[in-house]
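A.B. asks: With the hints as your guide, set chain B onto chain A.
Chains as they are written, first to last, in the working numbering: chain A, 4 to 248; chain B, 76 to 234.
Rather than coming from a laboratory, the hints here were simulated on the basis of the structure.
For each residue, glycine too, the CB sits at the ideal point set by N, CA and C.
Be aware that a few hints might be false.
[Claimed, not checked] In the DMTMM-like style, the derived pairs of lysine to aspartate or glutamate whose C-alpha atoms are separated by at most 25 Å in a straight line are:
#1 71/A / 186/B
#2 165/A / 211/B
#3 219/B / 224/A
#4 219/B / 72/A
#5 104/A / 197/B
#6 183/B / 211/A
#7 170/A / 129/A
#8 226/A / 140/B
#9 213/A / 224/B
#10 152/B / 108/A
#11 183/B / 148/B
#12 152/B / 197/B
#13 165/A / 148/B
#14 183/B / 72/A
#15 213/A / 53/A
#16 226/A / 128/A
#17 165/A / 201/B
#18 105/A / 197/B
#19 101/A / 197/B
#20 213/A / 186/B
[Unchecked claim] Here are a few chain B residues that sit away from chain A, every Cβ distance over 12 Å (derived from the structure):
#21 119
#22 122
#23 126
#24 132
#25 136
#26 142
#27 152
#28 158
#29 174
#30 180
#31 222
#32 225
#33 227
#34 234
Now for the letters of each chain:
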Amino acid sequence: MFISLILTAILSGQEAVAQQDGTAAGENSSTAAGEEREARKEPKFVVVKDQGLSLGVDLSPFIIRAVKDERTGFCVVGRYGVKNRWFAAAEVGFEHIKYSKKNYDYKSNGSYIRVGMDYDIFNSEDFPTNDNIFIGLRYAYAWQQHESGQFTIVDDYWGDYKGTVGKTSVNSHSVDVVGGIRCEMLRNLYMGWTFRCRFLLASQHSDDLKPYAIAGYGIYDNKVCIGFTYTVEYQIPFNKLGKKK
Amino acid sequence: MKKRSHNILTMLSATLAAAFALAACNAEDDMQLSYQHTVQAGLYSMHTHNDTTLTQVQIFGIGREDSLLYDVETIGKLFLNLNLSRCTTEFVFCTQTLQDDIFFTYRKQKEPVSGSSGIAMELTLDSVGHTTTFIDSIAIVESKIRYNESLENIQIFVY
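Here chain A stands alone, though its shape is the one from the complex:
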């Protein structure tokens, strides 16, 4: 899938290069011929896709939950077509983590918001659809509270260390580099996925307890996390252009 995405992007790029080459050749010809060519010049092909406000759900927290039942989350997504190929995107969600083992308990409740932009690199004459191939960026802010009801650190020499940690707050900032696709499955109903490379910029937490995972980001100790979203969206086509130049 990822390879097909890259190939499509390259093909789109080659079309653009071919168009640019054609323009350059026109400049080098004689003036009269240039004017004639100018007169005959076809308009640059741009697929104008349906625009509007999309609202949906990210299903990846449910997939994660199926793999790891300690993690529960929910995320809603929104997208607005600012221009034909530019989209403003926002995601809001929460994540609950609960581990209960023999030697420790750990609980974290957190929420997060991500805002950013996507650029649609998929604009092909051969496939004039509403589908998108995105690259984009997100800024993410997460806030959470975590605690440990009880824990034991085994120490054969000094004796086992037992303790508790009360609720403390964690605030984190991160950036997502996004790449993915979105397909119109039914009229105005879209499904899509994105791969994300997440970079943790900063995290403020108490000196007593480090966070295990950051809501909407991943494992705290990983300064770079790979993420995935799988969204189902409905697009309200109030800004429908629906014509092709």
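C.D. replies: Here is chain B on its own, set in the frame of chain A:
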């Protein structure tokens, strides 16, 4: 209609790939937490600055009933367990007829290591003090003592 069914197949295959990727990314170790609060020390000659050994060594932790930690013929590297209940730990080094004390002061921070392993204690050495019978000086080369890291924390230079 053909295009739509093609899209559905594409999205389903992507979902499966994602599920496998997520499963792989979230794989966690299941290691037992041990020696995660141990200072690693190396013995060095103060004259040559090369690593060296001490013979007939006994090491005791102060404040513990059965406090013998080491009783060995020859030793070049030491692993000293810090007391997690306190912010200072003191050890007595005995070599034949000579004796020295080493005391550590440190800070503690709890750190969930993984879902299966539990909480570890990350320690930061603030200072190391000592008496000077056969120990010339002690250098802190790595102040952080972290779970799953095997680094020499201090260098003990002996006469």
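A.B. asks: Would you mind marking each hint as holding or not holding in the structure?
C.D. replies: Evaluation of the provided hints:
A distance of roughly 20 Å separates the Cα atoms of residue 71/A and residue 186/B; the hinted pair therefore holds under the 25 Å criterion. Between residue 165/A and residue 211/B, the direct Cα distance comes to roughly 37 Å. Violation of the 25 Å bound is thereby established for this hinted pair. Restraint check: the Cα-Cα separation between residue 219/B and residue 224/A comes to about 15 Å, which is no more than 25 Å; the hinted pair holds. Between residue 219/B and residue 72/A, the direct Cα distance comes to roughly 33 Å. Violation of the 25 Å bound is thereby established for this hinted pair.
The suggested pairing of residue 104/A with residue 197/B holds, with an alpha-carbon distance near 20 Å, which does not exceed 25 Å. Taken as a hint, the residue 183/B and residue 211/A pair is honoured in the structure, with Cα atoms around 7 Å apart against an allowance of 25 Å. With a CA separation close to 57 Å, the supplied pair residue 170/A and residue 129/A exceeds the 25 Å bound. For the hint linking residue 226/A to residue 140/B, the alpha-carbon distance of about 43 Å lies beyond 25 Å, and the restraint is violated.
Restraint check for residue 213/A and residue 224/B: satisfied, since their Cα atoms lie roughly 17 Å apart, inside the 25 Å limit. For the proposed pair residue 152/B and residue 108/A, the alpha carbon gap of about 36 Å is over 25 Å, so the pair is violated. Of the supplied pair hints, the one linking residue 183/B and residue 148/B is violated, its CA atoms being roughly 33 Å apart against a limit of 25 Å. Only pairs whose Cα atoms come within 25 Å are accepted, and residue 152/B paired with residue 197/B is accepted, the gap being roughly 21 Å.
Simply put, residue 165/A and residue 148/B have alpha-carbon atoms about 35 Å apart, too far for the 25 Å limit, and the pair is violated. A C-alpha spacing of about 31 Å is found between residue 183/B and residue 72/A, which places the hinted pair above 25 Å, so the restraint is violated. Taken as a hint, the residue 213/A and residue 53/A pair is broken in the structure, with Cα atoms around 46 Å apart against an allowance of 25 Å. Proximity of residue 226/A to residue 128/A is assessed by CA-CA distance (about 41 Å); at most 25 Å being required, the pair is judged violated.
Restraint check for residue 165/A and residue 201/B: the C-alpha separation of about 23 Å stays at or below 25 Å, so the hint holds. As the CA atoms of residue 105/A and residue 197/B are separated by approximately 21 Å, the hinted pair is consistent with the 25 Å bound. At roughly 22 Å between alpha-carbon atoms, residue 101/A and residue 197/B fall within 25 Å of each other, so this suggested pair holds. Taken as a hint, the residue 213/A and residue 186/B pair is honoured in the structure, with Cα atoms around 5 Å apart against an allowance of 25 Å.
Every CB of chain A is more than 12 Å from the CB of residue 119/B (nearest about 25 Å), matching its label as outside the interface. Non-interface status of residue 122/B relative to chain A is upheld: no Cβ of that chain comes within 12 Å, the nearest being about 33 Å off. With a least beta-carbon separation of about 25 Å from chain A, residue 126/B lies farther than 12 Å from that chain, consistent with its non-interface assignment. Every Cβ of chain A is farther than 12 Å from the Cβ of residue 132/B; the closest lies at roughly 17 Å, confirming the non-interface assignment.
For residue 136/B, the requirement that its beta carbon stay farther than 12 Å from each beta carbon of chain A is not met, with the minimum near 7 Å. Against the 12 Å criterion, residue 142/B falls within the reach of chain A, whose nearest CB is about 9 Å from its own CB. Every CB of chain A lies more than 12 Å from the CB of residue 152/B, the least distance being 17 Å, so the non-interface label holds. Distance check on residue 158/B: its Cβ comes as close as 5 Å (rounded) to a Cβ of chain A, failing to clear the 12 Å threshold; non-interface status is violated.
Separation of residue 174/B from chain A is adequate, the least Cβ-Cβ distance of about 20 Å exceeding the 12 Å criterion. Even its closest Cβ contact with chain A, about 16 Å, leaves residue 180/B beyond 12 Å, as expected for a residue assigned away from the interface. Distance check on residue 222/B: its Cβ comes as close as 10 Å (rounded) to a Cβ of chain A, failing to clear the 12 Å threshold; non-interface status is violated. For residue 225/B, the condition that its CB be more than 12 Å from all CB atoms of chain A holds, with the nearest at approximately 17 Å.
The claim that residue 227/B lies off the interface holds: its Cβ sits roughly 20 Å from the closest Cβ of chain A, which is beyond the 12 Å cut-off. Every beta carbon of chain A lies more than 12 Å from that of residue 234/B, the smallest distance being close to 28 Å; the non-interface claim holds.
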